[in-house]
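Chains as they are written, first to last, in my numbering: chain A, 429 to 707; chain B, -1 to 339.
Don't read these hints as lab results, they were simulated from the structure.
Glycine residues also receive a C-beta, built at the ideal position from the N, C-alpha and C atoms.
Mixed in with the good hints there might be a few duds.
To give an idea of the interface, some chain B residues facing chain A are shown, with a C-beta separation under 7 Å as derived from the structure [unchecked claim]:
{"#": "1", "residue": "Val203"}
{"#": "2", "residue": "Ile277"}
{"#": "3", "residue": "Lys289"}
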Amino acid sequence: MTALLELQDVNKDYRVGGFLDRSTLHAVKHVSFTLDAEKPEIFTVVGESGSGKTTTARMILGNETPTSGTLRFMGKDIAAVRTRKERLEFMSRVQPIFQNPFEAFNPLTTLDYYLFSTARRFLGLKDKAAVEAATDKSLQHVGLSLAEVRGRYSHELSGGQLQRIAVARALIPGPKLIVADEPVSMVDASLRMSIVNLFRELRDTLGVSIIYITHDLSTAYYISDRVIIMHKGDVVEAGRAEDVLGNPTHEYSRALRSAVLPPDPVVASAIIREKLRAI
Amino acid sequence: MLAAVENKPVSVEAKPVLRVEGLKAYYQMNYFGVRREVRAVDDVSLTINRNEIYGIAGESSSGKSSLIKTIAGAITPPLRVVEGSVKFDFGGKELDVYAQRPAMKAARWKHLSYVMQGSMNVLNPVRKVKHAFRDFAFKHMGLSEGEFRARVESHLQRIGLDPRVLESYPHQLSGGMRQRLTIGLATVCEPEFIIADEPTTALDVLVQQDVLALIKGVQQRMGSSIIFVTHDMTVHAAIADRIGIVYAGRLVEEGSTLDVFQHPQHPYTAHLIASLPRIGDTRKRVALGGKPPNLADPPSGCRFHPRCPLAVDKCKSENPPLLARNSGRVACWRAGEVEAA
Chain A
429 MTALLELQDV NKDYRVGGFL DRSTLHAVKH VSFTLDAEKP EIFTVVGESG
479 SGKTTTARMI LGNETPTSGT LRFMGKDIAA VRTRKERLEF MSRVQPIFQN
529 PFEAFNPLTT LDYYLFSTAR RFLGLKDKAA VEAATDKSLQ HVGLSLAEVR
579 GRYSHELSGG QLQRIAVARA LIPGPKLIVA DEPVSMVDAS LRMSIVNLFR
629 ELRDTLGVSI IYITHDLSTA YYISDRVIIM HKGDVVEAGR AEDVLGNPTH
679 EYSRALRSAV LPPDPVVASA IIREKLRAI
Chain B
-1 MLAAVENKPV SVEAKPVLRV EGLKAYYQMN YFGVRREVRA VDDVSLTINR
49 NEIYGIAGES SSGKSSLIKT IAGAITPPLR VVEGSVKFDF GGKELDVYAQ
99 RPAMKAARWK HLSYVMQGSM NVLNPVRKVK HAFRDFAFKH MGLSEGEFRA
149 RVESHLQRIG LDPRVLESYP HQLSGGMRQR LTIGLATVCE PEFIIADEPT
199 TALDVLVQQD VLALIKGVQQ RMGSSIIFVT HDMTVHAAIA DRIGIVYAGR
249 LVEEGSTLDV FQHPQHPYTA HLIASLPRIG DTRKRVALGG KPPNLADPPS
299 GCRFHPRCPL AVDKCKSENP PLLARNSGRV ACWRAGEVEA A
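Just need the whole structure built from these sequences, with the hints factored in.
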């Protein structure tokens, strides 16, 4: 097997506090995992706020350098990416999707600008028709078309559509890996499933691996192949989604699992009554 | 299994504590001679009984926040009440929110309180927590300084907070503690009616159940009524007695929690429930196409028809009325045809 992404004992520390009470915050501790290049998969990182899941994502994207340990993408150390050419090549293979699509796009800029400039920069296209063709092709993958998006501003579209456009933008360079940090937490319930289903489709039709970062265990179970659960920087449990989320063994993952309310009034109200008795 | 459900059935003779009739509240703007009207609350009628948790579900920009703000009488222009009335019944005395302003002001917090969404934004970051309690509740309780302090402390203890939090600043407390504080703040006067706007949305999953149990416990002890607003259907499943589904400013379905979950009548409700992912089930969920309507220019007829899988010609031209069906009400020309979606 050739590794697409390989994390080896990755640590990240932050120095916090002032001059007199300086301390070290271990945001990510000894994280290791490998994604296979031949078998695209949806790899989910689950954790609460402060668990280090976003820091891990930022390191994979090359926005943070690890304090120790190495991250390799297609055999190359991400920290060793130095020149503009290397950086562009890396970025065209690894693309991000952010949490809040309303913040990711400047409200004063038309959305097609983001798509066209991504196509120009990563595909090196100069010709207007070629740029538009590339943009339209990737919009088709997410169920939109350039005709619908051209000249529109972010406030004219719903969160679900904006998040689709964010995915389309990420697809333009033809990435191998998409890092999606809480991509559905700001999207309405009726549109959430369309984004999550889209990730499945990307994996199956385009062969893109996806690192899906979330605190929502139900969607994690729904789409993931493998899952790791992070708690205060540590990976407390890792494995196949059915095993980790279906039968968690670690104390913390069991607590997380039982904190998920089932969408069933009979069971859910019984859980709350049980809690009430305990108080 | 059914016998285990404690959610109370809706009794007919129960005297409603809140009666909303034909409420219309629009955002009306007039800039440079261009009039715009956004129909955020469009002809909503509902009643809420004593000792009941009523859940309002709907997505962002469906008008659910405008609806509860209008019910609380906490609206400022450009949002205006165009038609209809909101009447509370506090201890046998009827109170019209929009006709009796001074009486309403006196009733606020004593009879009607509000748990707000971002607990961070409610508590003043540069003042100690005790000042928040003083500002909100002191004048409504008619107690002396010492008695007031003792009452607040015993109240905090009952909701699982150390009274020492009164001497701390909001940033020293965790998100769960702050949310408990805002619940404590809203319940310290033991009001008959509480409006809760997404009280658990900003919380970590691990504390969510505790906060929900706390709300339910406080409600049961005081016998008060709660309007509980959230877009998260699993939260409604856990604590609501009845659920109202809001779509594009209108109430489209209402019923007991069990009925809404097990036999949704409106296609939108059916979709909301069918698309909920469950652990232990990876069957593909069908996503709803289209996008939520723009309330400044809503679709004709039934506002859900452009996204509705069951839409017929009648749906495009005529707005379906909210009619009684099963234990609740539904506004749909093809109500009930989505059974077991």
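Comparing the hints with the structure gives:
Given hint, Val203 (chain B) at the interface with chain A, holds; its Cβ is 5 Å from that chain's nearest Cβ, closer than 7 Å. Evaluation of the Ile277 (chain B) hint against chain A yields a held restraint, the C-beta minimum of about 5 Å falling below 7 Å. Given the 7 Å rule on beta carbons, the hint for Lys289 (chain B) holds: about 4 Å separates it from the nearest Cβ of chain A.
When the structure is compared with the earlier hints, no violation turns up for any of them.
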